[in-house]
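Colleague: One letter stands for each residue in the lines below.
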Amino acid sequence: MEKSLFQFVWRYSRTQQIILFLITLLSFPILYYTLELPKLIVNDAISGKNFPRSLLGAEWGQIDYLLLLCFSFLGLVVINNAVKYVLNVYRGLVGERMLRRLRYDLYKRVLLFRLPRFRKMSSGEIIPMITSEVEPLGGFIGDAVALPAFQGGQLLVYLVFIFVQDPLLGVAAITFYPVQGYIIPKLQKRVNMLNKERVRNVRRISDRIGESVQGITEIHANDTAQWHLAELTDRLHANFTIRFAVFRRKFMIKFINNFINQLTPFFFYSIGGYLVIKGDVSFGALVAVLAAYKDLAGPWKELLGYYQNQADVRIKYEAIVENFDIPDLYPDTRISTEPTEDLLSAMAGQMKLDHVTYVGDSAGQELSAITLSIDPGETVALVGGDGSGRTELAAMLAGLLSPKSGRLTVGGKNLEEMPESVIGQKVAYIGPSPQIFSGTIRSNLRYSIRNRPISTPEALDDLADRMREAELTGNTPYVIEAIWENYQAAGVATPEELDTRAVELLNHVGLGDDIYQMGLRSRFPENLDEKTQNAILMARNKLFDDVQANRNLSSKIAFWIRDAFNPTATLAENLLFATSADRHTEVGMLSENDHVRAFLNQSGCRKLFVEIGIAVADAIIELFSDIDGDSAILESLDLMTATELVEYRNLVAKAHSQGAEALERWETRRFIALAFRLSPARHRLGVLSDERAAQIVSLREAFRRSLSEEDRKDFAFFDRDAVHPYFSISENLVFGLPRADRRGSQEAVARLVSDISEEVGLTAYIMQAGLDFDVGVMGSVLSVGQRRKIALVRALLKQPTILIADDLLQGTSEDQVTHALVEQAMANKTVIWGVNRPDLAPNCDKLHIMQSGRIVQSGAPQDILETV
Amino acid sequence: MGLNTEVETLKKVPLFKGIEAAKLKLLAFISDRLFFTQGEHLCDQGETGDAAYIILDGTADVLVDTPDGPVKVADFTVNDIVGEIAILCDVPRTATIVAATDLEALAISKDNFLKLLREFPDVSLEVMRELGQRLDRMNKELTLLKS
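Sequence lines, in order, name chains A and B.
Here the first sequence stands for residues 422 to 1289, numbered as in this note's numbering.
Here the second sequence stands for residues 2 to 148, numbered as in this note's numbering.
These aren't lab readings, by the way, just hints derived from the structure by calculation.
Hints should not be assumed to be uniformly reliable.
Said to hold, decoys possible - Beta-carbon label-pair distances, calculated as ranges:
{"no.": "1", "chain 1": "B", "residue 1": "Thr67", "chain 2": "A", "residue 2": "Glu1068", "range": "56 to 62 Å"}
{"no.": "2", "chain 1": "B", "residue 1": "Asp91", "chain 2": "A", "residue 2": "Arg1004", "range": "51 to 57 Å"}
{"no.": "3", "chain 1": "A", "residue 1": "Ala1074", "chain 2": "B", "residue 2": "Val72", "range": "56 to 62 Å"}
{"no.": "4", "chain 1": "B", "residue 1": "Thr67", "chain 2": "A", "residue 2": "Val1202", "range": "46 to 52 Å"}
{"no.": "5", "chain 1": "B", "residue 1": "Thr67", "chain 2": "A", "residue 2": "Arg1172", "range": "55 to 61 Å"}
{"no.": "6", "chain 1": "B", "residue 1": "Thr67", "chain 2": "A", "residue 2": "Gln856", "range": "54 to 60 Å"}
{"no.": "7", "chain 1": "B", "residue 1": "Val72", "chain 2": "A", "residue 2": "Gln1116", "range": "46 to 52 Å"}
{"no.": "8", "chain 1": "A", "residue 1": "Glu1088", "chain 2": "B", "residue 2": "Met129", "range": "43 to 49 Å"}
{"no.": "9", "chain 1": "B", "residue 1": "Asp91", "chain 2": "A", "residue 2": "Glu1032", "range": "42 to 48 Å"}
Claimed, not checked - A few chain A residues that face chain B, going by a derived Cβ cut-off under 7 Å, partial list only:
{"no.": "10", "residue": "Arg972"}
{"no.": "11", "residue": "Gly1107"}
{"no.": "12", "residue": "Arg1164"}
Predicted model, so just to flag it, every value in this text is computed and none were measured.
Heads up, the beta-carbon is just placed ideally off N, CA and C, and yes, glycines get one too.
Sequences are here, hints too, so could you generate the full structure?
Modeller: Shown next, in the form of structure tokens:
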């Protein structure tokens, strides 16, 4: 990268900077005349004689002449500002483009870092450098040439104008420039140093914050929050000290400038006044000089500001670039080169290591003089514990680490010089802790075949614009909306086939059931097609009929039936026969809904729910009368928390001593909320008589009718003939709840759902829905085992010629499945296992036992196992 | 059908007889009232038990696997407690219990029972006393058998 900011600016924005400069030049004559005209107005029009005058082929009286000059002045002002506007817009544009280019370049460099680099640099440091730290550079780059030219030029115009009026006044105007020129750089130098320090400090702050976010589990588990807070406090104090020192100096610079700027008019008034009285200078000239000097302050201030900013920004640029301009970067060609047939076929050849060494950052990360060859189609195991160099060797074979010396070739070509497009297509690597990206399972699986876009989208309106801007800023011409999945690489023709293949592999690794369950628990997309809707409704009705015929089953599900009370459901669900349309609203909160409150009031059933609420509170308080706040039994109760228990005790006491009528509005709402959460079958408090249950059921229809068409959208009603948008697929199929008072009802329902979806052919759809499961931030929702399996499927999906799996086989029960799958998918292809013990990788053609970075023994498994 | 009727039943269970009514009510509350249809299994021989059942209504057969298939060895009826050992320690069920009629039972899960014991030491003492008496009775019966 360019070492200095100005080299960068010059290299990529030369033309634009010249254009900016030319526009600037254009403004100077205009500016000069905006100074000259006022003088003419005062001297010639206001105090002038000999009217009328002939000008522009017409005769002008004094007033007309004054107006002519004034409007000319106005015209010039308009033109001057128009030029400034154009200049500013163009400057902004240039700045933004350069900023975009800079960010892209820096990010690209991150992608070219070799792996060991990331042990020294954290994302917490890299992110602010690319995002916030470069931000001020953009603004500056637009100004780089234009601003000094423009402001400097203006300054010059003003000075020339002043000198033309009277040289002595000119001298007075510039007397103090040398003083400023001496003091300010001295102060500025110190400011620059401080700024550099500040940048480093801020970077450390973001690094610390990033670390805390990632290690939040450890912080909670070890009670180290105070320690982290103290650490940040320390950093913030350092930041404060630096910033305080910076702005003390900045304001000192400002003070000196302002003082000197206001000192100069003193000379104008005294010397200028003297000259006017003596008659050496006209009064108009003095007025014009004073006006010019007032304007002079602007450009001068801008220039000083530019000087300060320039110094600041230069430091920033250097501080950023030194982190990215490192010598051991991969060459650009490594990620940009397209694969050639020649190179691709070489990857099918023999892998050969010739005296390869590697030195990592710490002990146990070295390889010494490894000489080894792996034939195509061979299955080998690198066997060794942590620190044996096994992991390093596996990573090196995947092209992820570079040998320090020696040669690593594949099919006679140096792997080090192979572009990633070739390695990535032919080699699949699964490391000890595979990365899962935020997004869906499907997108994670497809990740391995997203190398280059295989189509250009046509439907984008702004595509041409985007392409042009990308070209102007050196960004990639690829657009993210394109289709990136290289179906061919996965050996399929369509996305559907790809999904089928993925599901097949997921089933093989034993993740099929997990995905199926995720699918069942997921919700439908908003625009669910009619065919699936019908299939769901059909399955729902079929399940209902099947279950009705079998008493043992039918008593295990509490179906949603329009005119029947559902004891397993809450009273809120029983009353409304709907859930809130906002699926984050929990049942107890429904009592706070405006529509629900209005209905409770107008239908007169408010009293009923307050009574039930009081009865529930009574019962709970009686049950837990002996219990202190921290009771394990109370905690497992979902009706009340320990804090609420205290609150309800007071409320109930009031209700009993003063009567329910004495309760305040908000107090009755607390009781209604409690009643709404009650599920008679689960809580069995005996507070709900059959009459009350029947009354609640009878209110359902009234509630529905109380809502306008528009308001109904706030609720999702339980409707047997429609898919419920906030129920999961499973809940939609069952359209009821597993009964709380039946043993094994959950399992029975799960089986029923599974059977019925198989029967009506919904299984594939559910699997698809499972593929759409969101894995959370970097896969945080998935277990370690699930992540490994996804990584394996992802690796196999791209049909590599060489599979390298380090630490995937760990001696668990799942190893056999993994083994069988890899054997089948990688038949006649190279497989390299990295394992801890020799017995973990059975059926290998060859074992290489590693110790302290050396291969201590190689051979067929039976030979080695005998000697071990 | 409220908690009070369940408490009445619990009072008749020897294991809980010394425990005061308020605690029994809490025990009833944190237990599950389950319904079984005729022929349904309350538990299966060999599986790890995690709950004791107190029969509130109906009868159940006790079946033990033999080489010739399951054989009925006893039956349980209202107020009987089934599989109470399971809530005290981890042991496999020694028999299969099948509902002979439609049946209602209170299921006391091991987790909830232990929570109750932890929270109220006097309840533990009562349970221990009852177990001690049971042990005493069994010892006496054993001596009788031996002589």
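Colleague: Decide, hint by hint, whether the structure agrees.
Modeller: Each hint, compared with the structure:
For Thr67 (chain B) and Glu1068 (chain A), the hinted distance range of 56 to 62 Å is satisfied, since their beta carbons lie about 59 Å from each other. The hinted range of 51 to 57 Å is not satisfied by Asp91 (chain B) and Arg1004 (chain A), whose Cβ atoms lie roughly 40 Å apart. Separated by about 59 Å at the C-beta atoms, Ala1074 (chain A) and Val72 (chain B) satisfy the suggested range of 56 to 62 Å. Hint check: Thr67 (chain B) to Val1202 (chain A), Cβ distance near 49 Å, so the stated range 46 to 52 Å holds.
Our hint of 55 to 61 Å for Thr67 (chain B) and Arg1172 (chain A) is violated, since their Cβ atoms are close to 30 Å apart. Between Thr67 (chain B) and Gln856 (chain A) the beta carbons are some 57 Å apart, a value that agrees with the proposed interval 54 to 60 Å. Evaluation of the 46 to 52 Å hint for Val72 (chain B) and Gln1116 (chain A) yields a pass: the beta carbon distance comes to about 51 Å. Between Glu1088 (chain A) and Met129 (chain B), the C-beta spacing of about 45 Å keeps the proposed range 43 to 49 Å intact.
For the pair Asp91 (chain B) and Glu1032 (chain A), the supplied restraint of 42 to 48 Å holds, since their beta-carbon distance comes to about 45 Å. This hint holds: Arg972 (chain A) has a C-beta 6 Å from the nearest C-beta of chain B, less than the 7 Å allowed. Restraint check, Gly1107 (chain A) versus chain B: the minimum CB separation of about 3 Å is within 7 Å; hint holds. Interface restraint check for Arg1164 (chain A): the shortest CB-CB distance to chain B comes to about 5 Å, inside 7 Å, so the restraint holds.
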